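Asker: Here is what each chain is made of, one letter per residue.
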Amino acid sequence: MPKDHGIGASTKRREDVRFLTGTGNYTDDINLAGQAYVHFLRSDVAHGRIKRLDTSVAADMPGVVQIFNGADFEGVGGIPCGWQVTDRHGNPMQEPAHPVLAQGKVRHVGDAIAAVVAESAAQARNAAEAIELEIEDLPAVVDMAAALADDAPKVHDDLDSNLCYDWTFGSDDDAIKAAFDAADHVTTLDLVNQRLVANPMEPRVAVGDFNRASGESTLYTTSQNPHVIRLLMGAFVLGIPEHKLRVIAPDVGGGFGSKIFHYAEEAFCTFAAKALKRPVKWTASRSEAFVTDAHGRDHVTTIELALDADNNFTGLRTRTMANMGAYLSTFAPSVPTYLHGTLMAGNYKTPAIQVNVKAVFTTTVPVDAYRGAGRPEATYQLERVIDKAARERGLDPVALRRQNFISEFPYETPVAVAYDTGDYTATMDKLLEMVDRDGFEARAAESAKAGKLRGFGVNCYIEACGIAPSALVGQLGARAGLYESATVRVNATGGLVVMTGSHSHGQGHETAFPQVIAEMIGIDADMVEIVHGDTANTPMGMGTYGSRSLAVGGSAMVRATEKIIAKAKKIAAHLLEASEGDIDLKDGQFSVAGTDKSVAWGDVTLAAYVPHNYPIEEIEPGLEETAFYDPSNFTYPAGAYACEVEVDPETGRVEICSFAAADDFGNVVNPMIVDGQVHGGLAQGIGQALLEGAVYDADGQLLSASYMDYAMPRADDLPNFQVDHSCQTPCTHNPLGVKGCGEAGAIGSPPSVVNAVVDALQRGGHDVTHIDMPLSPGRVWQAING
Amino acid sequence: MYEFEFKRPGTIADAVAALGAEEAQALGGGQTLLPTMKQRLAAPEVLVSLSGVPEMQGVCMDDAGRVCIGGATTHATVAAEAADNYPALAHLAGQIGDPAVRNRGTIGGSLANNDPAACYPAAVLASGATIVTNAREIVADDFFDGMFTTALDDGEIITEVKFPVPEAASYQKFLQPASRFALTGVFVAKFPGAVRVAVTGASEEGVFRWTAAEEALSADFTPDAVAGLAVSPDGMISDLHGSAAYRANLVKVLTKRAVAAC
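Going down the list, the protein sequences come from chains U and L.
So in the working numbering, spot 759 of the first sequence is number 852, and the numbers just go up one at a time.
So in the working numbering, spot 199 of the second sequence is number 861, and the numbers just go up one at a time.
Read the hints as simulated data drawn from the structure, not as lab findings.
There may be inaccurate statements among the hints.
To be verified - Derived contacts from chain U toward chain L, CB cut-off under 7 Å, selection only:
1) Asp802
2) Tyr803
3) Ala804
4) Trp874
Please read these numbers as outputs of a predicted model, since none were measured by experiment.
Virtual Cβ for every residue (Gly too), placed ideally from N, Cα, C.
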């Protein structure tokens, strides 16, 4: 029988009550007395030189408080990049300046040129329209290959070229050459992992405030990691020491990575509030979100897979161009490198793997982490080339994968990571149980009667979550630690407050984290409250991304709770006049082993704060502990996914008939929340496979700049998912044995969709080996019709 | 959105008078106009809502057996009230946008806007409907005049649309994946002795009649009758969502399917 509380229970999400009844407190719900509003004048050209910027008319418009431009930020730092990649020659990447407001040049449509602060948002916008602006057009730099040509116009005049870095990773040249020279067969595939827009439901918002009495600045912002924003903005942009800067990220309506990064609007609102001595608020419109939120993906790749005569994978070589956009967003350089190259082994024991990435500046919106971040790109190319190899060799795609699975753990890959545990055969077996592959031919025959082509696609994936340890990522170029923190405060009457450095933007921390504590102490989860999102009342934490919250943040909470329990046992031992070593804690009762003597959790916590009868010479009063947890390794969730599609050959329309996901997330705290995370990830992955795509024209205009042209997945685009996470190989190095589930669906699903469509077309007699995503009806029809 | 004056007259005459003002603009359901105003791409000084004119509301049958729809009737009302007498038209109305759009958007607004990917123009043209305005009656073949352009004069209001009811009809809409407007939509209407085929979403000239298919289907009303016809991609829309050749293909495929569904 399923558990009804603690670890393993599908407890309903307590936060959903406020989210679903309109009582959440999002950043746009925050309105401060005397607040002014900012509207940004943004570039409508991709690349140009600002010849004239005259704000004199606009400044006299009704309600205008002040108009700022790039000159106002000349003494102020630029938006920093949080990761420095070293190229294959040992040189640091080219790192351009990223001013808060454009200085001299604009480099993408949406680049902010001036900021109008006014009494109302409408007045600010009216005045922005009255700004006289003259921009000398420069050639747009959109295509990455063209951007790398010798005579390409430079996005940043002070850099040598548009090449951010040329990075090579994994096996050395000799090993790779030997593998390919000895190959019996090489399968090559050129593919594009298209640019995406994250599109969280809540657009970005920032409210800056300044307290004249204390001299403290406060920023309310839609962030996944308020401490990171405080550090980056305070230390690198505005020069505000952390004890004078508070960053609050209240309820956040989705992020998918796009709210990790420090954005110029946050710095502007904080700066302007201090300059004007009044709060300044910015709320992005959806149109602004399309041209200012960091985009995701945008890789162009050639991948080659070498196989021996027995179809063992013997070598893998990839060459990728990764679009950075116009500036380096906070973690942009890490995505195509350490979050992509390190995953190229996938689930397979390929002995030689080499990854090359050229990161390129273009006159487009900056690109950074988006759900999966590098790992979907790795998974997609690997699982597509394996499928192509299976077809070229006349092999069953499942059998070819099984044959090459890594089966012994720990396993050191040629791309620098060590998988602690996994069982890829088990998830594949589970997947095949779920999908009725034997019935496929009958279903295909039914489809054929209706004029449709049916196809089956499968893929595996592995991801690396909870990027760590700090010492390693520091060597790889991270300018931040990647630990997590928690303070557990026990109140006198036994309730607990956990102040976590993780930040929920929809993941359900407020429900899942208390389940862990409830399990550890044996109390009701309702006795535990989760506090997050405010640098003033949580310990320095790194926030939520990379499926790290439970694995890293949850582990910090466990460590702090272990300290709490250890101290509480000392108090209990004193109250029970027993030896500390004899005290057991179970179901909220401390008892003396082998006796019927016990004392309740609440009596012990009361004693901690009312220490009348207390071992005061041994321990301090109070019951509050903090832990910082720095993992020794990544975690490695993995799984096997399958998709069945029907293609209408007359129109090219793809319908997903079924989708099954067999995941190994290690231990699972709340299966319902995990199901939901997988469902959401699958929706985004299928959205990438079939629907979504950010497209620039040659002039650098974003053609898909609204929902009229950017196709978001809707419920009726998706089947009822079959998900399973009963295959569990617990993580060996964190105290919960958990691995992370937030990104798996988005990482694992695109290849099986594309594999299934190619399978359908091949079965229909069409010689189609690849179609680039999104597999829109028009593209599929074009592929069929040459 | 810029500031504007809002008027909501109760009669056609008052509406026409209100539209005589400088920079006045009629407002149907606002499903295109209001987002355009919010984007500050349109800035009427006077917005004249037609939603308060009772004589422009509802669906009825006239003595000639035509389905007559008031110009300010919402898509949802058409979907419900035309279902018995002209099911293909009701079905078309029930597929426009989402429930929120269908409960605000109106037939008159859609036709006056003449979006090249809108659904109603296909039904009007294929049905050979008559557009009634405050000033005159305009037959469908004379009404549509290219993308976002119609025969309407400034200040002229669509008060009613009269649809002859075909023996059989079907509208086949292929969705543009993002907007869910018609990437291409084909309305086939079979009348005694003649078949009319109207295509929306495909042409740079807006809705049009596919006369070659009409002739073939008038002779032989089967899907196979159009199988041998070629549709030229010349003049078809080519964009992110489909090439001109793809749209030309859809015209034929959807026409076949519409005939099969009749």
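Asker: Tell me the hint numbers this structure goes against, listed in increasing order.
Answerer: When the structure is compared with the hints, none of them turns out to be violated.
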